[in-house]
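Novice: Sequence:
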Amino acid sequence: MQNNILFVASECTPFVKTGGLADVVGSLPQVLNQHENTEVRVVLPLYEEIIEKWHEELEQVTSFVVPVGWRNQEAILYQLSYHGVVYYFIGNDYYFSRKGTYGYYDDGERFVFFSRAVIDALSLLDFKPNILHAHDWQAGLSVALANILQPIEALKTIFTIHNIKYQGIMPLDAFHELLNLPNDHIGGMEWNGLINCMKAGLYHADKITTVSPSYADEIKTTYFGEGLYPILNERHEDLVGIINGIDTDEYNPKTDQHIAFNYSHSRKKKKENKEDLQEKLGLPIDGEKPLYVMITRLVEQKGLHLVQAIIDEFLQEDVQFVLLGTGDYEFEDYFYHAAERNKDKLVAYLGFDEAIARQLYAASDFFVMPSLFEPCGLSQLIALQYKAVPIVRETGGLKDTITPYDEKTGTGNGFSFTNYNAHELLHVLRYALNIYHEPDHWATLQKNIIKSHFSWEDSSLEYIDFYQNILSTEEKTQD
1 MQNNILFVAS ECTPFVKTGG LADVVGSLPQ VLNQHENTEV RVVLPLYEEI IEKWHEELEQ
61 VTSFVVPVGW RNQEAILYQL SYHGVVYYFI GNDYYFSRKG TYGYYDDGER FVFFSRAVID
121 ALSLLDFKPN ILHAHDWQAG LSVALANILQ PIEALKTIFT IHNIKYQGIM PLDAFHELLN
181 LPNDHIGGME WNGLINCMKA GLYHADKITT VSPSYADEIK TTYFGEGLYP ILNERHEDLV
241 GIINGIDTDE YNPKTDQHIA FNYSHSRKKK KENKEDLQEK LGLPIDGEKP LYVMITRLVE
301 QKGLHLVQAI IDEFLQEDVQ FVLLGTGDYE FEDYFYHAAE RNKDKLVAYL GFDEAIARQL
361 YAASDFFVMP SLFEPCGLSQ LIALQYKAVP IVRETGGLKD TITPYDEKTG TGNGFSFTNY
421 NAHELLHVLR YALNIYHEPD HWATLQKNII KSHFSWEDSS LEYIDFYQNI LSTEEKTQD
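Using the UniProt record's numbering, you'd call the opening residue of the sequence shown number 1 and step up by one each time.
Heads up, some of the hints might be wrong.
Claimed, not checked - No farther apart than 35 angstroms at their CA atoms in a straight line, the calculated lysine-lysine pairs in the DSBU-like style are these: (1) 268 / 408; (2) 165 / 17; (3) 269 / 408; (4) 254 / 220; (5) 268 / 343.
Claimed, not checked - Beta-carbon label-pair distances, calculated as ranges: (6) 329 / 421: 22 to 28 angstroms; (7) 80 / 431: 47 to 53 angstroms; (8) 154 / 60: 29 to 35 angstroms; (9) 102 / 35: 31 to 37 angstroms.
No wet-lab data here; the hints were simulated from the structure. We put the CB at the ideal spot given by N, CA and C, even for glycine.
Given these sequences and hints, build the entire structure.
Specialist: Here it is, written out as structure tokens:
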């Protein structure tokens with residue numbers, strides 16, 4: 001049976017990106033479309049930055065009116081093709097002609113409009129999906145509205161949780177003020193006296209996925225479930241975790257134009273990249289000195305409190321450490337002053353620069369991710385591509401993708417620690433340093449990393465099976 005799938009999402013590379021969601025929505029459809037009998041298209045909001053960069057490629061398809069409470073808002077539908085995928089964009093100046101993507105007081109209303117516009121656009125497209133696959137809270141209401149309004153006969157729905165912490169919460173009055181639905185549908189959207197867009201997706205979707213098997217288990221617990229664990233336990237038979245992949249053409253040290261010296265497995269070239277980066281960042285130039293790197297949003301989730309607790313003590317070792325990222329003032333301020341205290345060992349690059357990020361992957365010996373929680377994580381997979389050794393906490397997708405090195409068996413592709421504890425982090429950083437200085441173990445570890453493979457190819461096969469199972473279940477029901 002033909003799989004016609006419409007991805008609904010709030011961001012997607014190369015058009016707009018704030019995090020890993022954009023990488024997944026950007027990469028996965030391209031791989032899925034290489035499979036026989038499968039076509040994936042994507043629908044996104046038309047943000048101002050997309051218009052600025054892509055206006056010449058955008059083709060207007062049609063316009064239509066979308067009810068948002070007592071108001072009617074115009075939606076203008078555009079499309080373009082990129083790398084074998086058709087992308088649709090929902091335009092509305094009032095909601096989307098702004099700087100940035102999220103963080104506005106009316107984000108809830110903006111994505112109510114977007115979700116309703118997606119459903120109303122289905123009858124206008126030259127493409128009839130049999131699966132609507134929505135991603136994270138911004139698209140959660142599209143699943144609910146598809147279920148309630150039934151715009152296409154037998155349309156199946158999937159809702160994917162990329163990060164359950166962010167749920168799209170609005171006052172209960174928003175149901176009456178924005179959604180234009182009978183009162184008997186409020187129960188499928190209300191949670192703890194509020195409208196919860198993620199809950200709406202979880203409640204109404206035919207199936208639920210998340211981005212790693214371990215995270216699928218974790219979010220059914222009180223600690224990780226962010227208040228929604230009861231509904232996830234109730235729907236546990238419909239919940240699966242499929243590990244994310246990365247675009248191995250995009251993240252490829254053999255062809256990456258951002259780095260000074262391209263390489264495949266050459267340790268010599270990697271050292272040359274390290275020396276180039278050390279010179280740029282003002283660190284003492286020494287290709288043999290172990291380099292630890294973090295590329296991260298500076299927020300609590302990423303384990304920054306653990307790093308704060310041990311960084312000065314760890315830097316007493318003969319190492320260098322570079323942190324790249326921006327985020328909460330608490331962490332930016334701390335790492336700025338930590339770098340001032342440790343000028344020859346620590347650089348805090350407070351901002352984000354894609355070229356510097358690639359150069360850090362290429363130069364680093366170790367990539368540090370001590371996350372409090374991590375649904376999947378892409379950075380550790382990119383690090384493996386650039387032959388940097390991940391050091392992670394055993395949570396979510398980090399646990400599923402990084403196996404700790406075992407000196408006795410010679411297995412493992414990184415280092416890990418179990419508890420969210422600063423001294424465990426310090427211990428594993430030092431243990432990794434010891435392995436670095438043991439040539440036989442280091443060579444074995446590097447060989448294991450070369451064998452690690454996390455492209456979208458394997459994960460896309462799991463998605464194809466998942467889609468076909470949903471559609472075959474529908475066929476049996478009709479029979």
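Novice: Looking at the structure, which of the earlier hints fail to hold?
Specialist: 4
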